[in-house]
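**Student:** These are the residues of each chain, in order.
2 protein chains.
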Amino acid sequence: MRGLIIGVDLGGTKMHAAAVDENGALLHDEREKTLPEEGPDAVIGRIADLCRRINLALGVPHSELRAVCIGVPGGVDDAAGMVDKAPNLKWEKVPLAHLLSSSLGGVKVFLDNDVRVAVLGEHAYGCGRGTRTMVGIFVGTGIGGGVVVDGKIHMGQRGVAGELGHMVVKPKGPRCPCGKRGCIEALASRTSMERDVREMIAAGHKSSVIKIMKKGDRVRLTSSVIAKALAKEDPVMTKVVKRAQHHLAVAVSNVANLLDPEVIVIGGGIAERLGEDFVAPIREAAYERLLVQRDRERLRIVATELKENAAPMGAAFVARQRLAQLQPPPVRVASA
Amino acid sequence: MRGLIIGVDLGGTKMHAAAVDENGALLHDEREKTLPEEGPDAVIGRIADLCRRINLALGVPHSELRAVCIGVPGGVDDAAGMVDKAPNLKWEKVPLAHLLSSSLGGVKVFLDNDVRVAVLGEHAYGCGRGTRTMVGIFVGTGIGGGVVVDGKIHMGQRGVAGELGHMVVKPKGPRCPCGKRGCIEALASRTSMERDVREMIAAGHKSSVIKIMKKGDRVRLTSSVIAKALAKEDPVMTKVVKRAQHHLAVAVSNVANLLDPEVIVIGGGIAERLGEDFVAPIREAAYERLLVQRDRERLRIVATELKENAAPMGAAFVARQRLAQLQPPPVRVASA
Numbered sequence: 001m002r003g004l005i006i007g008v009d010l011g012g013t014k015m016h017a018a019a020v021d022e023n024g025a026l027l028h029d030e031r032e033k034t035l036p037e038e039g040p041d042a043v044i045g046r047i048a049d050l051c052r053r054i055n056l057a058l059g060v061p062h063s064e065l066r067a068v069c070i071g072v073p074g075g076v077d078d079a080a081g082m083v084d085k086a087p088n089l090k091w092e093k094v095p096l097a098h099l100l101s102s103s104l105g106g107v108k109v110f111l112d113n114d115v116r117v118a119v120l121g122e123h124a125y126g127c128g129r130g131t132r133t134m135v136g137i138f139v140g141t142g143i144g145g146g147v148v149v150d151g152k153i154h155m156g157q158r159g160v161a162g163e164l165g166h167m168v169v170k171p172k173g174p175r176c177p178c179g180k181r182g183c184i185e186a187l188a189s190r191t192s193m194e195r196d197v198r199e200m201i202a203a204g205h206k207s208s209v210i211k212i213m214k215k216g217d218r219v220r221l222t223s224s225v226i227a228k229a230l231a232k233e234d235p236v237m238t239k240v241v242k243r244a245q246h247h248l249a250v251a252v253s254n255v256a257n258l259l260d261p262e263v264i265v266i267g268g269g270i271a272e273r274l275g276e277d278f279v280a281p282i283r284e285a286a287y288e289r290l291l292v293q294r295d296r297e298r299l300r301i302v303a304t305e306l307k308e309n310a311a312p313m314g315a316a317f318v319a320r321q322r323l324a325q326l327q328p329p330p331v332r333v334a335s336a
Numbered sequence: 001m002r003g004l005i006i007g008v009d010l011g012g013t014k015m016h017a018a019a020v021d022e023n024g025a026l027l028h029d030e031r032e033k034t035l036p037e038e039g040p041d042a043v044i045g046r047i048a049d050l051c052r053r054i055n056l057a058l059g060v061p062h063s064e065l066r067a068v069c070i071g072v073p074g075g076v077d078d079a080a081g082m083v084d085k086a087p088n089l090k091w092e093k094v095p096l097a098h099l100l101s102s103s104l105g106g107v108k109v110f111l112d113n114d115v116r117v118a119v120l121g122e123h124a125y126g127c128g129r130g131t132r133t134m135v136g137i138f139v140g141t142g143i144g145g146g147v148v149v150d151g152k153i154h155m156g157q158r159g160v161a162g163e164l165g166h167m168v169v170k171p172k173g174p175r176c177p178c179g180k181r182g183c184i185e186a187l188a189s190r191t192s193m194e195r196d197v198r199e200m201i202a203a204g205h206k207s208s209v210i211k212i213m214k215k216g217d218r219v220r221l222t223s224s225v226i227a228k229a230l231a232k233e234d235p236v237m238t239k240v241v242k243r244a245q246h247h248l249a250v251a252v253s254n255v256a257n258l259l260d261p262e263v264i265v266i267g268g269g270i271a272e273r274l275g276e277d278f279v280a281p282i283r284e285a286a287y288e289r290l291l292v293q294r295d296r297e298r299l300r301i302v303a304t305e306l307k308e309n310a311a312p313m314g315a316a317f318v319a320r321q322r323l324a325q326l327q328p329p330p331v332r333v334a335s336a
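Chains as they are written, first to last, in my numbering: chain A, 1 to 336; chain B, 1 to 336.
One or more hints might be untrue.
As the list makes no split between identical chains, a pair holds if one copy fits it or if it spans any two.
[Said to hold, decoys possible] Simulated pairs of lysine to any residue, SDA-like, Cα-Cα distance not exceeding 25 Å:
{"hint": "1", "residue 1": "K152", "residue 2": "R243"}
{"hint": "2", "residue 1": "K85", "residue 2": "R294"}
{"hint": "3", "residue 1": "K242", "residue 2": "S102"}
{"hint": "4", "residue 1": "K206", "residue 2": "H98"}
{"hint": "5", "residue 1": "K172", "residue 2": "L58"}
{"hint": "6", "residue 1": "K152", "residue 2": "R296"}
{"hint": "7", "residue 1": "K152", "residue 2": "T131"}
Hints were generated in silico from the structure; no laboratory data involved.
Predicted model, so just to flag it, every value in this text is computed and none were measured.
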């Protein structure tokens, strides 16, 4: 299939677009702030700009842009080209595909969920290449997930499968934004880690985390703050991360016992930043919790390979796949 | 496909065999005690007897018996015809397929796991007919499960998928036979309910459960004892069942949020006996815990439809399916 394919990871704070060729090579990528407070039209204008910048950087005329797929932080209806609800963007019923397509001169635009495209990115081009069953867990301000079965993303009957972040592993645990108690998101997301750090400091534990946070551009527990505090062996940070790893290991082993996948990839900011240091303790604890111990090392529990490229590359993969489904199959001339 | 197909549910205390026709109609079934203490040869002799009794009852000559599939309470290697390990039978490395086939004059014998065939039974002939994604949870002395994705049973890479009973939902909960704490099996199986009942009675709670148990043939908390105690509104039994239902609802909603299936079937002795009375509170509590509430009633959470026939009928289904895979496709004569 000729022409350029672009995948976009549309986040609440930044957007990241990448052109990927048919072999999974990243040709070029560009970043921009999302600034959702300026409203959907401004955001969509910036997405169009990103695509044009990629065309320009690659020296490819705009007419060669074949398709764009956007990974949206929320629920989408791809058939209708509609973002149903994206809380981080404060969007509801935004006809993103139509608006972006218009501003890109009629280019085909597909929509999917951001976590789902990241899982697909790792499956198509990253640590899940060639596997039949794979699970992705993305640990960020929240926790998202996705499940690949038989080489395909598992959507479920309502299209909402993969909500690993809301697996309850501690029914009397802290309250989750979803309303339940003890979801893994309420125990191991960056938001929950920040809550735990602040609580421990308020309770009198000594820690340099607040000081490190104040040096950053936002006074928040970013992945970079976590990494710095761990490097200094900050006792509060060390304890909070250990606890999160323990809860993640329970969730990982629950999924492993249920689905017996070939690979479980842990992504998101912290895993991108800390890699094996973050994942190794999760893997060891999850292994101990597998019901069937035979050949347990055949289950790979690994940190994201594509890191922040997982979502835009996965979105590009989805665009390529959906485009192929729209094309009539090539005419074959029988040789005899 | 002509000829008779028999499925067998081989339990630790009893075995149950059923002949099922190609439309899923149960033609005839027979039961026998397992008596595993007499050793594999005696048990396998009794399975052969069961099959012969079915042939006889249906007036079908033995030569018409085409295939048998055994649902084994443990791990099997179907390609080798071997039961790897079945703790309830105290079997390890028993060449069941070869031995049974010999005593049945060379009939083809297939092996599978008992819970998996029960899930397949419900999928092929019971409440999961026609669904793409389905989950089965079987609550008995332990808790087992199985997952159907895209209309096929999901085996996983090591062939050990479906271990729903060992989903941890309460990390500081009671110890499970598997060694972990707070598995759903350690919280909601009949064995755990019996433990809880005895603990509450020992702590001074008034209950008639022990008296009801003593009237039975075994002084154990059978499904029949549970049903009788609930009918008498025994306060201890009521409380213990409520607690088990709560934990099952957490597990059901965890699986529902992960896989977004069309149906979750709850089987095993208690669900067979109590049906909707057992399942309705689980369904209501699980619905409340779904992350996406939209169209939640499209997820059916139901009691087993085939009851104790689920496993033998599912085993017959597996036998028919595997036999078909061995046959060459029928020769079609082109009409033009």
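**Student:** Now, for every hint given, state plainly whether the structure supports it.
**Tutor:** Structure-based check of each hint:
1. Taking the shortest alpha-carbon separations for K152 and R243, neither the intra-copy value of 33 Å nor the inter-copy value of 37 Å comes in at or below 25 Å.
2. With identical chains, the CA atoms of K85 and R294 are at most 25 Å apart between copies only, with a shortest distance of 12 Å across copies and 43 Å within one.
3. Proximity of K242 and S102 under a CA criterion of 25 Å is satisfied in neither setting, with 48 Å inside one chain copy and 56 Å between copies.
4. For the identical chains of this complex, K206 and H98 are neighbours neither inside a copy (53 Å) nor across copies (67 Å), given an alpha-carbon limit of 25 Å.
5. Taking the shortest Cα distances, K172 and L58 never come within 25 Å of each other, neither inside one copy (54 Å) nor across copies (56 Å).
6. Taking the shortest Cα distances, K152 and R296 sit within 25 Å of each other both inside one copy (23 Å) and across copies (24 Å).
7. When the C-alpha separation of K152 and T131 is checked against a cutoff of 25 Å, the pair qualifies both within a copy, at 10 Å, and between copies, at 18 Å.
Going down the numbered hints, you'll see the structure goes against 1, 3, 4, 5, while the others check out.
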